[in-house]
Amino acid sequence: MTKPLGQLLAILATLAVMMVPAWAANMPRRIGYVTNYATHEWYQNVIKGMKARAAELGIAFEVRDANLDVNKEVSAAEDFMSQGVDVLIITPVNEGIVPLVRRAKEQGIPLVLEGSPVKRMTTMVATCDYDTGYLAGVEAGNYAMNHLGGMAKVMNVGLPLLSATVLRAHGFMDGLRTIVPNARLANDIDGGGNPDTALAASTAALARNADINIIYGINDSSAQGGLQAWKASGRSQKNLLVVGTGGEGLGFIHSMNTEPAYKIEAAMFPEKEGFTAIDTAVKLFNKQSVPLHIVSPSAAIVGADGWKKYYSVGENVRTIKWDAVNRLTPPANCMKTSAPF
Amino acid sequence: MREILQSANSTPTPHRLGANSPVVLIVLLALLCIAISIGSSRFYAIENITAILRQCALVLIIGSGMTLLLIAAEVDLSVGASMAFAGMIAMDVTNQTGSVWLGAAAGILFGGLVGLVNAIIVTRLKVKSLIATIAAMMILQGGVFLYSRQAIQNNNQLPAFTAISTGFFGPVPVPVLIAAIIFICTYIVLRHTLFGRYVYAVGSNPQAARLSGLNPERLKQILFIVTGLLAGLSGLILASLMNAGQPTAGRGFELTVIAAVILGGTSLNGGRGTLLGTLLGVLILQVINDGIIILGWDQELQLVVPGIVIVLAAYLDIVRRRAGAR
Chain A
48 MTKPLGQLLA ILATLAVMMV PAWAANMPRR IGYVTNYATH EWYQNVIKGM
98 KARAAELGIA FEVRDANLDV NKEVSAAEDF MSQGVDVLII TPVNEGIVPL
148 VRRAKEQGIP LVLEGSPVKR MTTMVATCDY DTGYLAGVEA GNYAMNHLGG
198 MAKVMNVGLP LLSATVLRAH GFMDGLRTIV PNARLANDID GGGNPDTALA
248 ASTAALARNA DINIIYGIND SSAQGGLQAW KASGRSQKNL LVVGTGGEGL
298 GFIHSMNTEP AYKIEAAMFP EKEGFTAIDT AVKLFNKQSV PLHIVSPSAA
348 IVGADGWKKY YSVGENVRTI KWDAVNRLTP PANCMKTSAP F
Chain B
-12 MREILQSANS TPTPHRLGAN SPVVLIVLLA LLCIAISIGS SRFYAIENIT
38 AILRQCALVL IIGSGMTLLL IAAEVDLSVG ASMAFAGMIA MDVTNQTGSV
88 WLGAAAGILF GGLVGLVNAI IVTRLKVKSL IATIAAMMIL QGGVFLYSRQ
138 AIQNNNQLPA FTAISTGFFG PVPVPVLIAA IIFICTYIVL RHTLFGRYVY
188 AVGSNPQAAR LSGLNPERLK QILFIVTGLL AGLSGLILAS LMNAGQPTAG
238 RGFELTVIAA VILGGTSLNG GRGTLLGTLL GVLILQVIND GIIILGWDQE
288 LQLVVPGIVI VLAAYLDIVR RRAGAR
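Note that the protein sequences, when read in sequence, are chains A and B. The first sequence runs 48 to 388 under the numbering used here. The second sequence runs -12 to 313 under the numbering used here.
What the hints contain is simulated information worked out from the structure, not anything from laboratory work. You may find that some hints are simply not true.
Stated by the list, open to error - Below 35 angstroms or equal to it, Euclidean Cα-Cα: the simulated DSBU-like pairs (lysine-lysine) are:
1) A:Lys98 - A:Lys278
2) A:Lys330 - A:Lys383
3) B:Lys113 - A:Lys95
4) A:Lys334 - A:Lys278
5) B:Lys113 - A:Lys119
6) A:Lys119 - A:Lys200
Next comes chain A alone, as it looks inside the complex (with noise of 0.2 angstroms):
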């Protein structure tokens, strides 16, 4: 009896002594980051949830900001690349890091992009930017139907620098006339994704346009400069729905606490975002197969509490329910892509 026993239990230690090494070896010891603009909420949130997946795997993880600057970009993933990172992510500033992209692959460093493409890349993990405006335009044509009486005049708070946010806006409205055919576009202005300036550039155009009704932000800081350029002056709520995008930071859960007509967030979880392109990394360490586009989940919040399915805020610091993200499930394709390929 002892000695079968002892047999298996020889074999399980054989065993594990084989296996641990093996498991050490798929694992990357170091990811390098190199984020493009660390100060703003959705990079601080990205990599929060790329810090937690690192921790949970055992992995060292190291960030580097370039501050919008494509040449401290190239310059911080070399620095990674010359000290042996195991895998690179990177959150491109623009097409400027073509060149790195192809020295990586070069140099066999695998290589992983976070939120917008750039030619020759490997691979991405972004939400789909056109399918989450698109979401919250079907939402905000069901809320114009039941609570605006079936109008839609929209103020699009964009960023038209960018393709991304462009492509949100356009999701936006293709979705609401889905619900409201007779959706208008009554004003699309630049407001720099930033809240001043939002503020100061839709300050002018409510009046232009005294009856619009909805207000778009292609991200959080756009569409809360909106609303308060319309509290500003002196309007009531009652018929006006803002929808934000992104969920940020804390300042949706704020705003659709306490803001009558902040009703709709077109969320695309940052942290599951930073998350997600762990993964990939470990993937692409590993030698796997990998699709040029990873789809991060979003998903339209309604309602004052709809928040609360996916985060939790305590001590004024929001925390996300990861069962609830995670059940979330990405479309394999979006809709319409800026992507290069």
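We have chain A; now place chain B onto it with these hints.
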């Protein structure tokens, strides 16, 4: 002393400039208003005029201090960064204490503190104000993220905090009222007090001012602190408008302010300028900004058109000075 004040009142005076510059600016402003209103009748809607005045308020508040500084031949490029930081502090202290008054005081005093540090670096360490305040801007832009990487929300949702920017005093928006009070006070100080004459004197010829018994350093310290306090006040109003302290707010605001002041006829070399000119400069730039959106033009023109206007204004100023020299 009398000679130096007379000198300050003769060649580079506000009076002589006032005889020409405001007229040109008033005509320019009127032409702009007529042209835009031909393109869109919405321009003269009450809510649009209110919006323009509200936008002018923030620029005018800091612009009043900046005019005094520029006349004294100094400049403060840290006002935009100081605004953002002051707004963050005002929001944070309001959240911590539940008191809008304490939050407001903290934000404004922070701006004053930045002004004091700038003043010490410029007047004691003799670092040029251009360099010193660029350095201050960089320190503040980085420091605000050390303070908090995220926007500070109005956690207690105190309506009194948002009322600072969105409230009305009768038909007048609160920020416009605040800007008007500050403008009138600085106007009186500059035009009708000895202190105002000293500002011109120090900017025209600091050596002569010193020889006549003035203390240019002390006067500049006061002006830096006043400009800092006004930047803090603007930061408070901006945070109130956004209902949050935003670390990235106010980027480039210093250039808007300086552009308005220069457009108003204040010389970068010091010794010359008027607050009336600054008011007109602020109005012209904001009317252009508003008009571009009202007319549905490409918003990139919001940078291009004021740039052209400032070059033209500077050229007209040179022409006027040459004419005056003859």
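Hint by hint, here is what the structure shows:
1. Proposed proximity of Lys98 (chain A) and Lys278 (chain A) is contradicted: the alpha carbons are some 38 angstroms apart, above 35 angstroms.
2. Between Lys330 (chain A) and Lys383 (chain A) the alpha-carbon distance is near 26 angstroms, which keeps this suggested pair within the 35 angstroms criterion.
3. Taking the CA atoms of Lys113 (chain B) and Lys95 (chain A), the gap is about 44 angstroms. The hint is violated against a cut of 35 angstroms.
4. The hinted pair formed by Lys334 (chain A) and Lys278 (chain A) fails the criterion: a straight-line CA distance of about 54 angstroms is larger than 35 angstroms.
5. Between the alpha carbons of Lys113 (chain B) and Lys119 (chain A) the distance comes to roughly 33 angstroms, so the proposed pair stays at or under 35 angstroms and holds.
6. With a C-alpha separation of about 42 angstroms, the suggested pairing of Lys119 (chain A) with Lys200 (chain A) is violated against the 35 angstroms cut-off.
The structure does not agree with the numbered hints 1, 3, 4, 6 stated previously, though it agrees with the rest.
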